[in-house]
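Build the complex from these two chains, which are given one at a time in their own frames, with help from the hints.
Chains as they are written, first to last, in my numbering: chain A, 1 to 113; chain L, 1001 to 1111.
In short, the hints are calculated from the structure, not lab data.
Just to be clear, a hint being listed does not mean it is correct.
As the list claims (entries may be wrong) - With a cut-off of at most 25 Å between alpha-carbon atoms, the simulated SDA-like pairs for lysine to any residue come out as follows:
hint	chain 1	residue 1	chain 2	residue 2
1	L	1098	A	63
2	L	1098	A	64
3	L	1037	A	53
4	A	55	A	72
5	A	53	L	1098
6	A	57	L	1025
7	L	1050	A	63
8	A	3	L	1026
9	L	1037	A	5
10	A	70	L	1097
11	L	1098	A	50
12	A	57	L	1093
13	A	3	L	1084
14	L	1098	A	13
15	L	1098	A	109
16	A	3	L	1025
17	L	1037	A	55
18	L	1026	A	10
Unchecked claim - Ranges between beta-carbon positions, derived for each pair:
hint	chain 1	residue 1	chain 2	residue 2	range
19	A	52	L	1074	38 to 44 Å
20	L	1015	A	57	41 to 47 Å
21	L	1066	A	106	47 to 53 Å
22	A	17	L	1074	45 to 51 Å
23	L	1043	A	77	39 to 45 Å
Bear in mind that the values here come from a model prediction, so they are computed numbers and not experimental data.
Just so you know, even glycine gets a beta-carbon here, dropped at the ideal spot from N, CA and C.
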Amino acid sequence: DVKVTQSSRYLVKRTGEKVFLECVQDMDHENMFWYRQDPGLGLRLIYFSYDVKMKEKGDIPEGYSVSREKKERFSLILESASTNQTSMYLCASSFPGRSYEQYFGPGTRLTVT
Amino acid sequence: QQPVQSPQAVILREGEDAVINCSSSKALYSVHWYRQKHGEAPVFLMILLKGGEQKGHDKISASFNEKKQQSSLYLTASQLSYSGTYFCGTEMTGTASKLTFGTGTRLQVTL
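The following block holds chain L by itself, in its conformation from the complex (with noise of 0.2 Å):
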């Protein structure tokens, strides 16, 4: 079952914050973000692991609320350059290496 996006869709003034949010209804091992600009292949951004670890991007941000099941992306003073489609991949307890996405949040940054 897919994670749940939210928002779908979200514009912003160049210099506004935004908050994605991912939420599944089972047991997660990780939630990956990543990032797909029009035309494009999607790139990651970050994973978040049980426990607390993080790796990935050093300019935006994310939570995982492990007894929740949910993850959020923060996107702090958003730049022209964050517009894109964000994806979240959802890692379960029992499924290494397979991911399930969500279905995006679709993000433009306008000036």
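The following block holds chain A by itself, in its conformation from the complex (with noise of 0.2 Å):
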């Protein structure tokens, strides 16, 4: 079975504080996605990376940036955690091409306060 895998369920951070979301994935895809979920909004793709060092801004990137040094792992980083990146965030990853379908991470709820 796939496995995605994320280093925190929870976490709270304070304003301003820089913030660093992990995940690993143990099933060699080249795909992965950093998603973040709110109420009524469904999921939003903030980034995603087709294979180790590129990356695509998705539909929300402002205030984020994203790290893939290897292939399994693919981070998320808050450089100055505001209020309103309180969310719930969701990592993802899938085969490359077309219309493969993505395996989600438990996701890892972000408090800043």
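Here it is, written out as structure tokens:
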């Protein structure tokens, strides 16, 4: 079974802190994704990566950056956390190309105070 | 632009049927369907590809109208385990691998 793990289930940070969210997958997937999920807004894509050191902006990249130094690991970075970044963050991975299902991690609920 | 899902929420009795719709204003290559139970990660259900191919769940069916850029998910003889939030994810022509998800449809199945 594909396994996507995220470093924390719950995280509380202060405004202005630098925050790292880590995601690891064990299925040798080329594609990895970061989403945020907010009530009534569904899943919104922040960034995705289709290869090591390659990244593309999603629909809401402002305030975020990413890093992918190894194929299995994709990190989301909040350079200076703000209260409007309080949300559930979901990582996903998939095989490359068209129309492969995405496998999601359990999510990290981040609260910025 | 996010696809539009309808209804936003539905309550069913066990054994009843439901249809969830997903509509996009963009030309689509495929539509994906996922279900998320409370407190859990979204789980893949089905992919519908342009041209009619389907991949996925054997107890849930779906359709994809390429001309109208619409998809519908059909849940028949619903079970308690069908409860959750259903999301469609649309893959647009020219944006391989990237999905844009709808806002979700909350389904509750009761006894």
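**Study point:** Hint check against the structure, violated hint numbers in rising order
**Key:** Hints 3, 7, 8, 14, 16, 17, 18, 21, 23 are the ones this structure does not satisfy, whereas the remaining hints hold.
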